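2 protein chains.
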Amino acid sequence: MSYNIVSLNELTAQFAKLPGIGKKTAQRLAFYVITAPEEYAVRFSQALVNAKKSVHLCKNCNALTDSELCSVCADESRDKGIICVVSDPKDVMAFERTREYKGVYHVLHGVISPLDGVGPEKLKIKELLARLSDGVVREVIMATDPTVEGEATASYITRFIKPMGIKVTRLAYGVPVGGNLEYADEVTLSRALEGRNEI
Amino acid sequence: MSYNIVSLNELTAQFAKLPGIGKKTAQRLAFYVITAPEEYAVRFSQALVNAKKSVHLCKNCNALTDSELCSVCADESRDKGIICVVSDPKDVMAFERTREYKGVYHVLHGVISPLDGVGPEKLKIKELLARLSDGVVREVIMATDPTVEGEATASYITRFIKPMGIKVTRLAYGVPVGGNLEYADEVTLSRALEGRNEI
Numbered sequence: 288m289s290y291n292i293v294s295l296n297e298l299t300a301q302f303a304k305l306p307g308i309g310k311k312t313a314q315r316l317a318f319y320v321i322t323a324p325e326e327y328a329v330r331f332s333q334a335l336v337n338a339k340k341s342v343h344l345c346k347n348c349n350a351l352t353d354s355e356l357c358s359v360c361a362d363e364s365r366d367k368g369i370i371c372v373v374s375d376p377k378d379v380m381a382f383e384r385t386r387e388y389k390g391v392y393h394v395l396h397g398v399i400s401p402l403d404g405v406g407p408e409k410l411k412i413k414e415l416l417a418r419l420s421d422g423v424v425r426e427v428i429m430a431t432d433p434t435v436e437g438e439a440t441a442s443y444i445t446r447f448i449k450p451m452g453i454k455v456t457r458l459a460y461g462v463p464v465g466g467n468l469e470y471a472d473e474v475t476l477s478r479a480l481e482g483r484n485e486i
Numbered sequence: 288m289s290y291n292i293v294s295l296n297e298l299t300a301q302f303a304k305l306p307g308i309g310k311k312t313a314q315r316l317a318f319y320v321i322t323a324p325e326e327y328a329v330r331f332s333q334a335l336v337n338a339k340k341s342v343h344l345c346k347n348c349n350a351l352t353d354s355e356l357c358s359v360c361a362d363e364s365r366d367k368g369i370i371c372v373v374s375d376p377k378d379v380m381a382f383e384r385t386r387e388y389k390g391v392y393h394v395l396h397g398v399i400s401p402l403d404g405v406g407p408e409k410l411k412i413k414e415l416l417a418r419l420s421d422g423v424v425r426e427v428i429m430a431t432d433p434t435v436e437g438e439a440t441a442s443y444i445t446r447f448i449k450p451m452g453i454k455v456t457r458l459a460y461g462v463p464v465g466g467n468l469e470y471a472d473e474v475t476l477s478r479a480l481e482g483r484n485e486i
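Chains as they are written, first to last, in my numbering: chain W, 288 to 486; chain Z, 288 to 486.
Just so you know, these hints were derived from the structure itself, not from any lab.
Watch out, some of these pointers could steer you wrong.
Copies of the same chain are indistinguishable here, so a pair counts whether it falls within one copy or spans any two.
Unchecked claim - Computed list of lysine-lysine pairs in DSS-like fashion (alpha-carbon distance at most 25 Å, straight line): (1) Lys311 to Lys377; (2) Lys377 to Lys367; (3) Lys311 to Lys454; (4) Lys304 to Lys377; (5) Lys340 to Lys311; (6) Lys411 to Lys389; (7) Lys304 to Lys340; (8) Lys310 to Lys340; (9) Lys340 to Lys367; (10) Lys389 to Lys340; (11) Lys310 to Lys411; (12) Lys449 to Lys340; (13) Lys304 to Lys367; (14) Lys377 to Lys340.
Note that the structure is predicted; figures quoted are calculated from it, not measured.
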């Protein structure tokens, strides 16, 4: 191909490495950057490096933070007696958006998945058990994804926590609020029936 | 919201400014950058600034280039007697991928669109007419998009070129190769019928 602009190809290649961004979309995004004001490219460029440099894991719960402790762990008003165990830092943000949960979190950074070569030793399970040893924690909420791997991870961890005499709970299964029963799958629907409450 | 990481929010905001990238996708991409090796953020960051700095318009045809002339205009073997008029630099790349076209290009950088406030004076039409005045050009191929605005732009420009005694052609309309007749719209199909060739 005679039409070849090195710096444009390089930018396209970097965009194409992002998850869910194919070659065509990457090219479109690279063109956008080139036609946008120079200030945008500069700010975007700085944001990339700054975020990567300043964001790291909370030394207590392994959520993302730019300080030593994440804002949840650092918050005196949060109940340190309840730990919500999630697989991904994004899940912490999802729970925080509900503004309902007053406990703290523990991020596993993955789920057990033998097919992908992820064993329990690659997750932050040891760190979780260490946090439970101080006797402050009354309840652990298993909030891994409702998938096969998520379920397996939750029950694997539960086996270690139960003997410590700490209550372990799991998120409720059921039909999503605002959803359409017609489109609910059979498993979700039968779980919603099982877990029905008196009104 | 108590969960707030300034540098992560800034990166998410920059991603969200890209066309077709919503808030959720932007967050997903920002998280990817943070979990990827540091080298990625650094290279991506440099690619953004480099591309924006080095890529500009070819002084002859207004395509994108990182030299004074784009690789097509600088190529001695290309036929300077045929100019293919396109609306967008991406279209040049599309034609170059065919490896069929041996002429040169002219990029208008848009189409006439009164609703969006784009009049003929905002496009590189003056520059095109200036290129035609030296008597070298034998044919101008109108290759704007087959949309209402693209057609209008093509016929607007044609009105200026015809009196100069230069041949003006338009891309053939018809059914796309590999397409399914069943899904072709009526206008495309009737244009394909009109333009039928003896075999």
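Structure-based check of all given hints:
{"no.": "1", "hint": "Lys311 to Lys377", "verdict": "between (27 Å within a copy, 11 Å between copies)"}
{"no.": "2", "hint": "Lys377 to Lys367", "verdict": "within (20 Å within a copy, 55 Å between copies)"}
{"no.": "3", "hint": "Lys311 to Lys454", "verdict": "neither (50 Å within a copy, 34 Å between copies)"}
{"no.": "4", "hint": "Lys304 to Lys377", "verdict": "both (20 Å within a copy, 20 Å between copies)"}
{"no.": "5", "hint": "Lys340 to Lys311", "verdict": "between (30 Å within a copy, 22 Å between copies)"}
{"no.": "6", "hint": "Lys411 to Lys389", "verdict": "within (22 Å within a copy, 60 Å between copies)"}
{"no.": "7", "hint": "Lys304 to Lys340", "verdict": "both (19 Å within a copy, 22 Å between copies)"}
{"no.": "8", "hint": "Lys310 to Lys340", "verdict": "between (28 Å within a copy, 22 Å between copies)"}
{"no.": "9", "hint": "Lys340 to Lys367", "verdict": "neither (29 Å within a copy, 50 Å between copies)"}
{"no.": "10", "hint": "Lys389 to Lys340", "verdict": "neither (29 Å within a copy, 48 Å between copies)"}
{"no.": "11", "hint": "Lys310 to Lys411", "verdict": "neither (35 Å within a copy, 29 Å between copies)"}
{"no.": "12", "hint": "Lys449 to Lys340", "verdict": "neither (39 Å within a copy, 59 Å between copies)"}
{"no.": "13", "hint": "Lys304 to Lys367", "verdict": "neither (39 Å within a copy, 38 Å between copies)"}
{"no.": "14", "hint": "Lys377 to Lys340", "verdict": "within (19 Å within a copy, 34 Å between copies)"}
In terms of the numbered hints stated before, the structure departs from hints 3, 9, 10, 11, 12, 13, listed from lowest to highest.
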